[in-house]
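Student: Sequence:
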Amino acid sequence: MAVKDTDFWQFVRSNIIGRNKLIRTPFGERIVTYADYTASGRGLDFVEHYMHYVMEEYANTHTDDDTTGEVMTQRLHRAEHIIKEHVHANEDYKIIEVGSGSTGAINRLQEILGVYIPPATRKRLEEIYRGYFNGKDADEFYEFYMAHRPVAFVGPYEHHSNEITWRECFTEVVEIHLSKTGEIDLDDLYKKVSDKKYKERVKIGSFSAASNVTGIVTPVYDVAGILHENGAYAFFDFAASAPYVKIDVNRDKKSYFDAVFYSPHKFLGGPGSCGVLVFRKQLYHSELPPSYSGGGTVDFVNYDLTKYSNAIEVREKPGTPPILQTLRAALAMEIKDKLGIEDIKERENSLIRKVFDHFSGIPQVEILGNPDPEKRIAIFSFNIKDGRSYLHPRFVIKLLNDLFGIQGRAGCACAGPYGHRLLNIDRDKSMEIYKEIIDRGNMGVKPGWARVNFHYLMTDEEVNFLMNAIDFVSAYGKYFLGLYAFNIKTGSWSRAEKMRDLWVDNGRFGVDEALDVFQSSIYTEGKKKERMDGEALKSIYKEYLEEAGKLGRRLKSSFNEENLRTTSREFIPYLYCAITP
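Everything in the sequence shown is counted per the working numbering, starting at 53 for the first residue and increasing by one.
Just so you know, the hints here were simulated from the structure itself, not pulled from any lab data.
As the structure is a prediction and not an experimental result, all values here were calculated from the model.
One thing to keep in mind: the hints can contain errors.
[Claimed, not checked] In silico lysine-lysine, DSS-like type, Cα no more than 25 Å apart, as pairs: (1) K232 to K594; (2) K427 to K306; (3) K541 to K437; (4) K243 to K306; (5) K541 to K232; (6) K427 to K397; (7) K244 to K255; (8) K298 to K136; (9) K397 to K298; (10) K232 to K251.
Work out the full structure: start from the sequences and follow the hints.
Tutor: Following this line, the structure appears as structure tokens:
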């Protein structure tokens, strides 16, 4: 079926798997409104249909002697070419598909650089050199060893994958400050990366292209220019922003990227894909064995000799490659390109303005980060304040799910250090929270936020519904506290006893479930529901909001403030109810 470009946005939207799926909640059936694209994208019907077609000729690669092996090898090479084109990589760049996202790709890069040493290996080496040296000599050797580590410069809003992994490497980690406007401080970057004390050491810059918490965007080409001017490598983690922005690893001779890594599963059509690492071949030491050895990496092996392939993309891919995962990744990137990066940016900017305009008059909703649409993507993390206290972020997300079917996420979004800055938690306060969590086991006091993603393919009806639902929780959320039990040990919120009978968990999995779905009409019936749009959805959303409003007003009329408690005011005081019905 040929789809006109002008119709492609609607075509893709209508193909989102699970769009308008009905789920059961304690308050009845609700249509899913998916607002968790920052964590993972959604599958697309036409992609899955195509993958079924591809599977008819599926075979392992590494051969062109039979038809299926040759076809799949050609498809894999084509997919890798598409991925390279997507990031504007020329012949100087190599690609490795690894793991399930950025984390695996970053780790592989660290192994290629020779800065990652497994903890058990590190321990063994320390035991050996301390056994060889004695006392003072061992300490002096250790000081010399540490003083000659590479230096890794990281940003102020890194995901843990691009921050704590460098801490565990053979590197000294230097963090760049936030500016007064909440962006990366380029002056601080220049000052630190040009410091003479690092002159004789290998310098690595590894920065998130955008925050997965606030959506704040890094001026990656400016950062790359500063790094290269001072003899440092420029690496970028595009996990949060790759589905929405242009990536050009080879922009010019000054602001090129030495490596990029990202998670195609976050793209539309991307679930089930692999992590992607694209890097300049100049980083690689071909005279060394590969990071991992195995089948497919060698030209010749006998009883004593191992001759590895000279081709980087062969020697760094032992065993069966992630064939289908790579095809999915390439398709997801082509879909993004076909939707149009400039059109995506225009829609996102419009949504960012709309969201900030809407919530500017609702002081209870505290959105984190710089509101300038030119400086962020449409990721929104927020807290809901009630007087001197806050609704727990996990309660906010739970209520959005149960009342409205909205899918979001709560926590620190694997960005702990950045979260400390956003929530004004200094080192002393952080250690107090640490003791409360670790010594007393009270995970429920852990600071965080609720996060939703206003995705560019959301209709205006969906966007308005999501904003109105957050409005409702900010106004009536605390009156629902009595319907939920708070577990301070885990931080989880569970439905009170009388609500549990209403909840049916459909988290079954297995062959029997697969056969049931295949043989029943559940799948085809679900397709009919997924096609609802426009006025039909608008009417349903209105019904959900009206129903929630009636219940909220009833709960408010009988609410007893004396039943409210808060977690320690020494930390962030989260509200909960001491008595549940």
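Student: If you test the structure against every hint from before, which numbers come out violated?
Tutor: 1, 5, 10
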